[in-house]
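Engineer: This is what each chain is made of:
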Amino acid sequence: MSLEEKLEKWRRLEEEAREIRRKQADWKFIDSQPPRLRAALRLYVEMGDIRLASKVAGMGVEEFRELLRRARVPVVV
Amino acid sequence: MSAEEFAVADTCFLIDWAYWRRRNVLPGLFRAVFVPEEVLREVKSESTLEWVAENLATGSFALFTETQDVVGFARAVVERSRMLPIRGVDLPEAVCLAIGKMRGYIVLTENRGALMAADALAELSGVRVWRSLDLISQAFRRGILGGDPEAVFMEYEEDTGHMFPPGGVEGRNR
Numbered sequence: 001m002s003l004e005e006k007l008e009k010w011r012r013l014e015e016e017a018r019e020i021r022r023k024q025a026d027w028k029f030i031d032s033q034p035p036r037l038r039a040a041l042r043l044y045v046e047m048g049d050i051r052l053a054s055k056v057a058g059m060g061v062e063e064f065r066e067l068l069r070r071a072r073v074p075v076v077v
Numbered sequence: 001m002s003a004e005e006f007a008v009a010d011t012c013f014l015i016d017w018a019y020w021r022r023r024n025v026l027p028g029l030f031r032a033v034f035v036p037e038e039v040l041r042e043v044k045s046e047s048t049l050e051w052v053a054e055n056l057a058t059g060s061f062a063l064f065t066e067t068q069d070v071v072g073f074a075r076a077v078v079e080r081s082r083m084l085p086i087r088g089v090d091l092p093e094a095v096c097l098a099i100g101k102m103r104g105y106i107v108l109t110e111n112r113g114a115l116m117a118a119d120a121l122a123e124l125s126g127v128r129v130w131r132s133l134d135l136i137s138q139a140f141r142r143g144i145l146g147g148d149p150e151a152v153f154m155e156y157e158e159d160t161g162h163m164f165p166p167g168g169v170e171g172r173n174r
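These protein sequence lines are chains A and B, in that order. Counting with the numbering used here, you get residues 1 to 77 for the letters of the first sequence. Counting with the numbering used here, you get residues 1 to 174 for the letters of the second sequence.
Because the hints were derived from the structure by calculation, they are not lab data. Check before you lean on any hint, since a few could be wrong.
[Stated by the list, open to error] Under the rule of at most 30 Å between Cα atoms (straight-line distance), these lysine-lysine pairs were calculated in the DSSO-like manner: (1) A:Lys55 x A:Lys23; (2) A:Lys28 x B:Lys44; (3) A:Lys55 x A:Lys9; (4) A:Lys23 x A:Lys9; (5) B:Lys44 x A:Lys6; (6) A:Lys55 x A:Lys28.
[To be verified] To spell it out: a stretch of chain B is covered by chain A in this simulated footprint if at least three of its residues, at any positions, have a beta carbon under 8 Å from a beta carbon of chain A; those stretches are: (7) 8–16; (8) 36–49; (9) 114–123.
Virtual Cβ for every residue (Gly too), placed ideally from N, Cα, C.
So here's chain A without its partners, still in its complex pose:
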């Protein structure tokens, strides 16, 4: 598989994962969070990047992972 084909495969898989996160997320919980956490959770739903989102939240990766569980945002790998 060429690099272009691999990138296209990952682009497609990322789009599928984004849709799953959007659908499964507890938006009521997310919208009830303080601004920083709300922004971080929304960022995670869109990008799936736990490190970037945990930095926005001002949390460690493990602490943010727990917040994702409470927000019912699945990790799709």
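Keeping the supplied structure of chain A fixed, place chain B upon it in accordance with the hints.
Structural biologist: Just chain B now, kept in the frame of chain A:
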């Protein structure tokens, strides 16, 4: 001793796997699972730390102190991953990928950025990366786990807040 008997675990893998009720199948799959210092520093919760410490005590896990060559390679991987239109990797995942490349150990991750980097970067060719999905499948193949695989996958999803790709056990491995 083959390099395949060893694995190196990243933070995302450890903090999810530790939530699973059958987390102790992991030591049965490898002679040792290395935990880099960079990764251990990120584990904060009492329950995960206790589990990691128990396995360090029994020798199922082993601490991996990063050498300069590993860190240098990992930093190059971080930079290269950010040059492509994929999710980049950060240093803890890159350290695990570098160890996978330089030592031949299987990399355990639940970070899609690490999967993408291993797939797309030529300098990581040959690195074997396993997700929990692959580990559970291996545990069934080796007879460490029995019963209905679908039920076990569902159980893992329930316990950890993970979601595996649809399509059954074989369909999941794409």
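Engineer: Hints first: check each against the structure and report whether it holds.
Structural biologist: Against the structure, the hints come out as follows:
no., hint, result
1, A:Lys55 x A:Lys23, "holds (24 Å)"
2, A:Lys28 x B:Lys44, "holds (28 Å)"
3, A:Lys55 x A:Lys9, "holds (28 Å)"
4, A:Lys23 x A:Lys9, "holds (21 Å)"
5, B:Lys44 x A:Lys6, "violated (35 Å)"
6, A:Lys55 x A:Lys28, "holds (22 Å)"
7, 8–16, "holds (count 4)"
8, 36–49, "holds (count 5)"
9, 114–123, "holds (count 4)"
Consistency note: the structure conflicts with earlier hint 5 alone.
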